[in-house]
Amino acid sequence: MATAAETSLTELSAVPWRERASASSLAAFGRLWTAWTAFSVVTFLVPAAVLFALEPLTFPVGLGCLAHAWVIPELYANRGVGVVRPKGPRNRSAELVAQGLLGDLLGHDAREVQRQTGLALEPGRLGVWLVGEAGALLLTPGGRRVHCFCVGTRERELPPSDRVAHLLLALRTDEEGFATVANRAFSGAVWRVRRRLAPARRPALAAARVRARSLCGPDRGKAVSPAAGGSA
Amino acid sequence: MSRLIRMDHTGHSTLAEWTGKGDAGFEAAVEAFRRELDAGYIGVVPEGEGHATQVTELPAAAELVIMRRPIAGG
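Chains E and V, in that order, are what the protein sequence lines are.
Each residue of the first sequence is one higher than the one before, starting from 1 at the first, in our numbering.
Each residue of the second sequence is one higher than the one before, starting from 1 at the first, in our numbering.
Accuracy of the hints is not assured; some may be wrong.
Only some residues are given here: those of chain V computed to face chain E with a beta carbon under 7 Å [said to hold, decoys possible]:
no. : residue
1   : GLY11
2   : SER13
3   : THR14
Anything over 10 Å on all C-beta distances counts as not near chain V; from chain E, calculated [said to hold, decoys possible]:
no. : residue
4   : LEU9
5   : ALA14
6   : SER24
7   : VAL97
8   : GLY100
9   : LEU106
10  : ALA134
11  : GLY135
12  : ASP174
Keep in mind that the hints were calculated from the coordinates and are not lab data.
Each residue gets a CB set at the ideal place from its N, CA and C atoms; glycine is no exception.
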């Protein structure tokens, strides 16, 4: 078995131009995303302030600028949350079977979270993951930032739990490879994502945040699953 | 009893079962495994919570081998 085992995701061959993701590359991406968002906001706030200072009667234009400054980060966050929204056919007849298999793959607590929210909680080296049908959220250690990844299988006829299981198995095989293959949809504060997340899914985010916070505390080692090799 | 399953539109289908390397069922499982690889599936051995190993040959000792489809960024 040792000779036939592969430690890297096969799918990496489809994206040879991408640098392998790591904690530092994700942190750098997060900083870049925040800087870009701040730039976008300032780009509209400054004209609003300048216009009002020059001529108060231009306030309708200024209000339009302020609206843009508010909407743009919201749109980014909305796109990020979109990765864990239910997508595609429900395939209810097969879903029970698929749910059974996914339940077998998950531990007790993660199974309960998944059944209640549709998101599979999976601690890893990079943080705590919430895996959905067509994407995943990664809460970095500390639980303040979330990265949203758009990734999935192309087989639309699969029941939702099978789609989650596909991503979960890929994630467990090669976490950094998974983060490399996936497209990044958003990076920012957890509260931005929480506001846009369906109420039924918020308990999963809360549970992931608790686990992510513990990754920075004295219990850090205990919070990391065997998948992480206990080295996070 | 070891199982080779494929995640598909039915939830999952059991492709083969075997008890050990000398078992006739294992030869059938190897055939089925290769067929699925040729069809573009990827073999994964779940190894408890948090662990999974991608395999290109059917491990006789594995309790469960799951065939999954490739994933891609959306």
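Comparing the hints with the structure gives:
The closest approach between the C-beta of V:GLY11 and any C-beta of chain E is roughly 3 Å, which is under the 7 Å cut-off, so the hint is satisfied. Interface restraint check: V:SER13 against chain E, minimum CB-CB distance 9 Å, threshold 7 Å, status violated. Annotation: V:THR14 was flagged as interfacial toward chain E, and the flag is violated, the nearest CB pair being 11 Å apart, outside 7 Å. Annotated as non-interface, E:LEU9 brings its C-beta within 10 Å of a C-beta of chain V; the closest such distance is 7 Å.
With a cut of 10 Å on Cβ distances, E:ALA14 falls inside the contact zone with chain V, its closest approach being about 6 Å. The claim that E:SER24 lies off the interface holds: its Cβ sits roughly 21 Å from the closest Cβ of chain V, which is beyond the 10 Å cut-off. The beta carbon of E:VAL97 sits about 3 Å from the closest Cβ of chain V, which is not more than 10 Å, so the claim that it is off the interface is violated. Against the 10 Å criterion, E:GLY100 falls within the reach of chain V, whose nearest CB is about 8 Å from its own CB.
Distance to chain V contradicts E:LEU106 as a non-interface residue, since its nearest Cβ pair spans about 7 Å, not more than 10 Å. With a closest Cβ-Cβ approach of about 6 Å to chain V, E:ALA134 is found to fall inside the 10 Å limit, against its non-interface label. Against the 10 Å criterion, E:GLY135 falls within the reach of chain V, whose nearest CB is about 7 Å from its own CB. A cut-off of 10 Å between C-beta atoms contradicts the statement that E:ASP174 is not in contact with chain V; the least separation is 8 Å.
Of the numbered hints stated above, those contradicted by the structure are hints 2, 3, 4, 5, 7, 8, 9, 10, 11, 12, listed in ascending order.
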